[in-house]
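*Asks:* Let's have the full structure, built from the sequences with the hints guiding it.
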Amino acid sequence: MRLNLLLIFTFYSLSCLGQTQSEFMNYVDEVHANKILIVYFSRTNNTKAVAEMIHEKVGGKLVSLKLETPYPKGYDAVVAQVAKENEENILPHLKTKISLKEYEIIYVGFPTWGMQLPPPMKTFLSENDFEAKTVIPFNTNAGFGIGSSFETVKKFCPKSHVLKGFSTQGGIERDGILYVMEGEKETEVRQAVNKWLESLQIFTSVSSFHEQ
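Using the UniProt record's numbering, the letters of the sequence shown map in sequence onto residues 1 to 212.
Just so you know, the hints here were simulated from the structure itself, not pulled from any lab data.
Hints may contain errors.
Below, computed lysine to aspartate or glutamate pairings styled on EDC-like, alpha-carbon distance capped at 16 Å [as the list claims (entries may be wrong)]: (1) K48 <-> E182; (2) K35 <-> E102; (3) K73 <-> D175; (4) K95 <-> E127; (5) K164 <-> E198; (6) K101 <-> D129; (7) K95 <-> E68; (8) K73 <-> E198; (9) K48 <-> E186; (10) K154 <-> E127; (11) K154 <-> E131; (12) K164 <-> E182; (13) K97 <-> D129.
As the structure is a computational prediction, the values presented were derived from the model and not from experiment.
*Replies:* Laid out in structure tokens, this is it:
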């Protein structure tokens, strides 16, 4: 009872002081990896590579989003379909189904498509309840940045704690540059990912498994 009162007092005191997200996370007990979910959507496997780097560091469950009807293989056809989905607010159906009940911290990863969040990730965020969850976005892009994607994550998760995201340049599919996470690039991105994760100050007891 005394411990519960102390925790309540600590949380109230921090709230009154207007703590930042990272300061608040300092007071969170060690998060067991079975409470962590890493969900990603990836076409050229660059976002997948970043997801796996995160997974190696924090553990948890790693899940790749798959569509009921996959996108076309050709780049131009994908661009046309995604433009139509964005213009008409079409959310493609996901083959992947995930229950979020048991998870407290959810990393969501995606490429930038048309300077936006990819439609499959919009589907995932719209179909699930993220209330009281900690949501952490990460991104790969062709060199033009995150666009509106991180802000869109916040809009889909208004009752969540959305923490500082991570972004790095991946491939440039329109130029035929696909998977780039190897050699010096892989080392550089891994170091950046580790630095970013450390800045979040979420401490985990690592245990992990994959779901493709």
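*Asks:* It remains to establish, for every hint, whether it holds in the given structure.
*Replies:* Checked hints:
For the hint pairing K48 with E182, the CA-to-CA distance comes to about 13 Å; that is within 16 Å, so the pair holds. Between K35 and E102, the direct Cα distance comes to roughly 6 Å. Compliance with the 16 Å bound is thereby established for this hinted pair. The straight-line distance between the Cα atoms of K73 and D175 is roughly 15 Å, inside the 16 Å bound, and the hint therefore holds. For the suggested pair K95 and E127, the alpha carbons sit about 12 Å apart, so the restraint of at most 16 Å is met.
For the given pair, K164 sits about 12 Å from E198 by alpha-carbon distance, which is consistent with the 16 Å threshold. At most 16 Å may separate the alpha-carbon atoms for a hinted pair to count; K101 and D129 meet this at roughly 9 Å. For the given pair, K95 sits about 5 Å from E68 by alpha-carbon distance, which is consistent with the 16 Å threshold. Between the alpha carbons of K73 and E198 the distance comes to roughly 37 Å, so the proposed pair goes past 16 Å and is violated.
Simply put, K48 and E186 have alpha-carbon atoms about 12 Å apart, close enough for the 16 Å limit, and the pair holds. Restraint check for K154 and E127: the C-alpha separation of about 15 Å stays at or below 16 Å, so the hint holds. A threshold of 16 Å between alpha carbons decides the hint, and for K154 with E131 the separation of about 12 Å falls inside it, so the pair holds. Of the supplied pair hints, the one linking K164 and E182 is violated, its CA atoms being roughly 25 Å apart against a limit of 16 Å.
For the given pair, K97 sits about 13 Å from D129 by alpha-carbon distance, which is consistent with the 16 Å threshold.
Going through the hint list in order, the structure does not satisfy hints 8 and 12.
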